[in-house]
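Given next are the chains, with one letter for each unit.
Protein chains: 2
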Amino acid sequence: MSFQHVAIIGLGLIGGSIGLAVREHLPGVTTTGYDLDPQVRARARERMLADAVCDDPAAAVAGADLVILCVPVGAMAAAADAIAPGLPPGAVISDVGSLKEAIGRTLAERLPNHAIIPAHPVAGTEHSGPDAGFATLFHQRWCIVTPPAGADPAQVAALVAFWESLGAMVETMDAEHHDRVLAVTSHIPHLIAYTIVGTASELESVTRSEVIKYSAGGFRDFTRIAASDPTMWRDVFLHNREAVLDMLDRFLTDLALMREAIRASDGETMFDVFSRTRAIRRSIVALGQDDPRPDFGRQPPPG
Amino acid sequence: MSFQHVAIIGLGLIGGSIGLAVREHLPGVTTTGYDLDPQVRARARERMLADAVCDDPAAAVAGADLVILCVPVGAMAAAADAIAPGLPPGAVISDVGSLKEAIGRTLAERLPNHAIIPAHPVAGTEHSGPDAGFATLFHQRWCIVTPPAGADPAQVAALVAFWESLGAMVETMDAEHHDRVLAVTSHIPHLIAYTIVGTASELESVTRSEVIKYSAGGFRDFTRIAASDPTMWRDVFLHNREAVLDMLDRFLTDLALMREAIRASDGETMFDVFSRTRAIRRSIVALGQDDPRPDFGRQPPPG
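Going down the list, the sequences are from chains A and B.
Using the working numbering, you'd call the opening residue of the first sequence number 1 and step up by one each time.
Using the working numbering, you'd call the opening residue of the second sequence number 1001 and step up by one each time.
Derived by calculation from the structure, the hints in this document are not laboratory data.
Computed from a predicted model, the values in this text were never measured in an experiment.
A virtual CB, placed ideally from N, CA and C, is assigned to each residue, including glycine.
Treat the hints with care, as some may be off.
[To be verified] Not everything, but these chain B residues come out facing chain A in the computed CB check (under 8 Å):
hint	residue
1	ARG1043
2	ARG1045
3	TRP1142
4	LEU1182
5	ARG1220
[Unchecked claim] Label pairs and their calculated CB-CB ranges:
hint	chain 1	residue 1	chain 2	residue 2	range
6	A	ALA58	B	SER1265	23 to 33 Å
7	B	GLN1299	A	ARG282	15 to 25 Å
8	A	THR253	B	ALA1264	19 to 29 Å
9	A	THR253	B	GLY1063	35 to 45 Å
10	B	SER1275	A	ALA286	28 to 38 Å
11	A	GLN39	B	MET1048	29 to 39 Å
Kindly produce the complete structure, drawing on both the sequences and the hints.
Encoded structure:
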C-alpha cells in the first residue's frame, strides 16, 4: 500500500514543508490542509502549501488515507477532536511532534478507532509559520517512527516509505526511547540556549547592546535555537518532564565538575573534557548531519 | 603614524588570518611571522601567511613597528621572553587573546620597557591551525582594544586604524570590563557547549551513535563550539576565573528556575522566557552579527 491523499493539519514550518515536499517528490499524491489560524490559511493558499486549503478541519481530512497532525503538543487533543467528524475509517493518523509517548497516548484516547503511528522528522529551522517551510527540509535528515504495539506492519511500511520519498532516512524505535534520545539531542540544548540567552540579556554589569555586539564569540550560536517557537517548546517541556529532568540533572552534575575545575585551576580536567568533544563534531559532519564548512558556512557580510 | 612592518607571533587561525588580511588590505605593509611548531612554520610558508616566516622568534620581530602575539594565553609569557632579544625599542606590542586583564599584566611584566596595547578581535571559527585562516575573517566583526592607563594616544589610534583596515569595527574599553563582557558572550557559551557535548557522549541509556544521528534537533549547534581549540580554552578558563564563575553562577540560578518550572508544570514561566529571547536574535541579525538565513545558511546535502 502507499498513500494517495495526505491531509496536513497545521501549516507552519513542518506542515508547510511536508506539503511542498509532497508536490516535489510525490506528484501523484493529493494534499489537503487546514490551520486553526485564518491568516495562516490565507498565506498557505498563496504559497500553495497544499493542493487545497480548507476552512473546516473535518473537510480537510475527508477522503484522506494519511492524516499528519503538525500542531504543538498541547494542541494535539483539540486537533484530533476537530478532525474526528470527517475522518475516513481506514485513514492512518500520524504527527510530527518532538515527543512521542504523550502524543501517542493523547491520539489513542481521542481517536480510539483509528490506526495511530506517530513519527518525528528531526529537522527544522529557527523560523516558524507558513512562510518558513521549504521542500528540501527533510533531505538527509532522520525521521523517527514509533509504531505502537500491535501496529499494522503494512501501514508502518507505508509511512516509512512516505518519509523516505520526501528525502528522509527513517528509523523505528519505541516511543519511550525516542523521548530519552530527543531529551539529549534536542530538548536540553533548547532549554540551555533559552536560559543562557535570558541570563545574558538581564545582567547589570554588561549591557544588552554589548551582548549583541560581541555575540560572534560564541553566544550568537545559542540565540538561533533560542529564537524557536515558544509555544511548541513550552509544550515539549510540559510533556517530556521526566526524561528532560533526568538529562538536565546529568548535565548539572557535569557542569558542577567543570565549575570546580575552574575554581581549583585544574587545567588537566578541562583539557581532557575539551579534547574529547572534538571527536563528536567530526562524526556528525562525517555522517552528513551538519555542514562541513567552518562556522556552519556562515557568510561574513561584504567588507 | 601607521604601522609599516607587522610581526605575527603564532600562525594559527587568527595569526594566519591577520597575515592574509594585511596582504589583501594593506599591500604596502611588510609581514614577518614565527610559530613555535616547525610544521606550522612549514605550512605557513606554503600558504604565504606572512611575507617571511622566520625560524627564530627574535629574528621575526627585528625591524617591526607592531608585534602581535597570537598564542594561547598560557604561552604568552614564554612568547614575550622569546621575542625580547630582537624587539625594536619603539615597537608596539599587541595580542589577540580572548581575555585582556591577565594578558596585559603578563606582557607588562615581561616587556616592561615597551608600549603594550592589548586587543581582541571577536572573530573565529571552530577550526584552528595554519590551514584555518582566511583574509576576510575580521570583516564586519568587532575588535576590542584595551589600552592601559597612560597609553600613547597616537599608538592607540594607529592600532585602531590597523584593525579597521582589516575590515573590523573597533571599540575601546578597559580590560576588566572586556573580561566580564566576554565571559558572557564567549566564555560561558563555550563552557556550556563543551559540558553538554561531554554529557551527551557518556550516557548509558542513549548511545553515542544515536546522539550523532539525531543531532539536527539542536545538539549539533553546540558541537561546533565544542570543537574549538582545547589549549586555548583551557587557558581562558584558568585566567578569567572570577568573571566566568560569577556569570556561571547567574546562569545556574536561572537554570534552577527553569528546572523548577518544568518540575511544577509551570508553562507560563517557560513561555515568558522563551518569548523574550527571540528579540535578542533579531537584534544580532539586524546588526550584521549573524547570517540572516535560516539555520545559519547551512546547506542540506543534495537529496
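Against the range 29 to 39 Å, how does the distance between the Cβ atoms of GLN39/A and MET1048/B compare: consistent or not? violated, 57 Å
Interface hint compliance - ARG1220/B to chain A, C-beta minimum distance less than 8 Å: holds, 5 Å
If you check the beta carbons of THR253/A and ALA1264/B, does the distance land in 19 to 29 Å? Since THR253/A and ALA1264/B have Cβ atoms about 22 Å apart, the given range 19 to 29 Å holds.
Once the shortest beta carbon distance from ARG1045/B to chain A is found, is it less than 8 Å? violated, 22 Å
Quick check on ARG1043/B please, does its C-beta sit within 8 Å of some C-beta on chain A? Status violated, d = 17 Å.
THR253/A paired with GLY1063/B, Cβ distance criterion 35 to 45 Å: Cβ of THR253/A to Cβ of GLY1063/B: about 54 Å, so the range 35 to 45 Å is violated.
Cβ-Cβ distance between GLN1299/B and ARG282/A: within 15 to 25 Å? holds, 19 Å
Residue hint TRP1142/B, partner chain A, criterion CB-CB below 8 Å: Cβ of TRP1142/B sits 6 Å from chain A, so the hint holds.
Is the hinted range of 28 to 38 Å satisfied by the C-beta distance from SER1275/B to ALA286/A? holds, 37 Å
So the hint says 23 to 33 Å: do the beta-carbon atoms of ALA58/A and SER1265/B match that? At roughly 31 Å between Cβ atoms, SER1265/B and ALA58/A fall inside 23 to 33 Å, so the hint holds.
Return the status of the interface hint for LEU1182/B: holds when the least beta-carbon distance to chain A is below 8 Å, violated otherwise. holds, 6 Å
Hint violations for this structure: numbers 1, 2, 9 and 11, all remaining hints satisfied.
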